[in-house]
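*Asks:* Based on the hints, put chain V in the right spot on chain U.
Protein chains in written order, with numbering that gives the first Met the number 0: chain U, 0 to 59; chain V, 0 to 471.
Hints listed in this document are in silico derivations from the structure and should not be mistaken for laboratory results. The C-beta atom is built at its ideal place from N, Cα and C for all residues, glycine as well. Among the hints, erroneous ones may be present.
Claimed, not checked - Listed below are the simulated BS3-like cross-link pairs for lysine-lysine, each with C-alpha atoms no more than 25 Å apart in a straight line:
1. V:Lys166 <-> U:Lys13
2. V:Lys261 <-> U:Lys40
3. U:Lys34 <-> V:Lys12
4. V:Lys59 <-> U:Lys34
5. U:Lys34 <-> V:Lys286
To be verified - Residues of chain V placed beyond 12 Å of chain U at every Cβ, according to the derived structure:
6. Glu264
7. Thr395
8. Ile413
9. Val435
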Amino acid sequence: MPSIFWIACPKCQKRFYAHYELQYRDIDLFCPWCKNYFQRKEGKIITQEFADLPADAIED
Amino acid sequence: MKDLRNYLEFLSKDHSEQIVTISEEISPEFEITSLLFKLADEGLYPALLFTNVKNLRGEKSGMGVAVNLFADRRRLALSLDLLPEECRTEVSRRYLARRENRIKPELISKKEAPVKEFVKWGNADLRALPVVTHHEMDSGPYLTMPVVTKDPDTGAYNASFHRIWVKGPRDTGISLAPRHTWDYYVRYEKKGIPMPVAVVLGHHPGFCLGAMASVPIDADEYEVIGGLLNEPLRLVPSETWGDDFLVPADAEIVVEGEVPPKIREVEGPFGEFTGYYGGQRLNPVIKVKAITHREAPILQTVFAGHRDHDCFLAVAMEGDIFAAVKPVVPSVKAVHIPPSGKGYNCYISLLKRYEGAGKLAATAALPVHDFVKHVIVVDDDIDVFNEKEVLFALATRVQASADLEIIKGIRGNILDPSATRSPLWDNVIIDATRPVSRPFETRVSIPREVYDRIDLTSFIPQERLKALKERR
Numbered sequence: 000m001p002s003i004f005w006i007a008c009p010k011c012q013k014r015f016y017a018h019y020e021l022q023y024r025d026i027d028l029f030c031p032w033c034k035n036y037f038q039r040k041e042g043k044i045i046t047q048e049f050a051d052l053p054a055d056a057i058e059d
Numbered sequence: 000m001k002d003l004r005n006y007l008e009f010l011s012k013d014h015s016e017q018i019v020t021i022s023e024e025i026s027p028e029f030e031i032t033s034l035l036f037k038l039a040d041e042g043l044y045p046a047l048l049f050t051n052v053k054n055l056r057g058e059k060s061g062m063g064v065a066v067n068l069f070a071d072r073r074r075l076a077l078s079l080d081l082l083p084e085e086c087r088t089e090v091s092r093r094y095l096a097r098r099e100n101r102i103k104p105e106l107i108s109k110k111e112a113p114v115k116e117f118v119k120w121g122n123a124d125l126r127a128l129p130v131v132t133h134h135e136m137d138s139g140p141y142l143t144m145p146v147v148t149k150d151p152d153t154g155a156y157n158a159s160f161h162r163i164w165v166k167g168p169r170d171t172g173i174s175l176a177p178r179h180t181w182d183y184y185v186r187y188e189k190k191g192i193p194m195p196v197a198v199v200l201g202h203h204p205g206f207c208l209g210a211m212a213s214v215p216i217d218a219d220e221y222e223v224i225g226g227l228l229n230e231p232l233r234l235v236p237s238e239t240w241g242d243d244f245l246v247p248a249d250a251e252i253v254v255e256g257e258v259p260p261k262i263r264e265v266e267g268p269f270g271e272f273t274g275y276y277g278g279q280r281l282n283p284v285i286k287v288k289a290i291t292h293r294e295a296p297i298l299q300t301v302f303a304g305h306r307d308h309d310c311f312l313a314v315a316m317e318g319d320i321f322a323a324v325k326p327v328v329p330s331v332k333a334v335h336i337p338p339s340g341k342g343y344n345c346y347i348s349l350l351k352r353y354e355g356a357g358k359l360a361a362t363a364a365l366p367v368h369d370f371v372k373h374v375i376v377v378d379d380d381i382d383v384f385n386e387k388e389v390l391f392a393l394a395t396r397v398q399a400s401a402d403l404e405i406i407k408g409i410r411g412n413i414l415d416p417s418a419t420r421s422p423l424w425d426n427v428i429i430d431a432t433r434p435v436s437r438p439f440e441t442r443v444s445i446p447r448e449v450y451d452r453i454d455l456t457s458f459i460p461q462e463r464l465k466a467l468k469e470r471r
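One chain only, chain U, in its complex shape (with noise of 0.2 Å):
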């Protein structure tokens, strides 16, 4: 089981890690990017083989 998963920032759209615990959470997470606190589930969980592009990539 991963111990982590990426995310996507709703405002800045830039990525970055949680630990899985957090995945199911109904919880602010916070965007190291651009200082943004964001719900959760307003978030784009990324899946594995995109989370290697750089941090501001777009996924389409």
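*Replies:* Chain V only, in chain U's frame:
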């Protein structure tokens, strides 16, 4: 009396090759760490003292920043009153000896305590400090120095390293790994009261080495720190709790705060000792109550994930592991935690007298620190401080079917990026020692008499030798 600035002055005066003082204005947001990265690219790891650093508001802070103090084992040797060349097994043996020789602290008055020269209470503001932002995906500026707490039941003091995210003037997040501080916090939480903490931002390296010591939970770590300093640690009543919580009197800066019960907020990511970012997770918080500091204080930070972190972890772990292995395998010679392994790899050399000694030594080493993941045991003809030698032993003295053991699903380090069942991981023992129960080949050699007689410069001119060395 040992403190950070005495130590820096000692380096500047007597070992100037070990430290660089920089007076150009610099931002703590990535600029300090960019310099460190560039130096490391050149293979250079001096201690750096920045005297003109902006604070988190972008203003001149009037404070300095010291970093990379631990990035060279020779400096760690010096901090333990050894010669710089005594930086291999000597430094961890000295660490061990001082760790066992605990010295009770000494209480002094607020009037005498340098850390009380300036006191901010109520209007304490972390943004006045030049807190470093280390890596680009870090959630923000982080304090990376020891945190002191107090056992709610016994009153013993504990000092340990925890990353602290500076979120605002008096708000931080703190990462608590499940060790002693976490144990204290759980007990404070059960009582429904906040845990008092003091973050010590700058002291003599002996303070930090004491904070790294692996001692029983009921040990008073102010006494352990005194041992590492080789003198009583001077303490003074805190601003927030008075005599009920004593703080180091000679620290550069002390941030006093409380960790409230039952509150968890997201914290991270942060570039960790592993060389990877630890992901964002829910962690406790610190509400800052007071900040006290010396005149023109120097904020020390550890450059997480780099040699400043690697060497410092190594010296403490090597001493602890040697102490654990020695009673079990008395012929142990040396223990080394190489920087390349980020604390996860451990090399042990021993004089092998019987079969099974290698695995016995490894099983004694594994439980000492939750960082130790892989243990490679070698004979005493292999220099554990030379990784080419260790790899040579691995290549030529190991048959995996007999010499490799995997212990699956054991409690490990929560930051291992390869672990899929964190906090569980797999330990590996590799016995790379020669067998004693059957004949084994001998390493190649030259007759000593001929080797000693042949003078290199009689055959190859000095200038040619110099050119060869430069092109190496």
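*Asks:* With reference to the structure, classify each hint as holding or not holding.
*Replies:* Now the hints, each set against the structure:
1. V:Lys166 <-> U:Lys13: 20 Å, holds
2. V:Lys261 <-> U:Lys40: 24 Å, holds
3. U:Lys34 <-> V:Lys12: Violated, because 43 Å separates the two Cα atoms, which is more than 25 Å.
4. V:Lys59 <-> U:Lys34: Roughly 23 Å separates the two Cα atoms, so the pair holds.
5. U:Lys34 <-> V:Lys286: With a Cα-Cα distance of about 20 Å, the restraint between Lys34 of chain U and Lys286 of chain V holds, given a limit of 25 Å.
6. Glu264: 9 Å, violated
7. Thr395: The assertion about Thr395 of chain V holds, with a minimum of 36 Å to chain U.
8. Ile413: Non-interface label fails for Ile413 of chain V: nearest chain U Cβ at 9 Å, not farther than 12 Å.
9. Val435: 42 Å, holds
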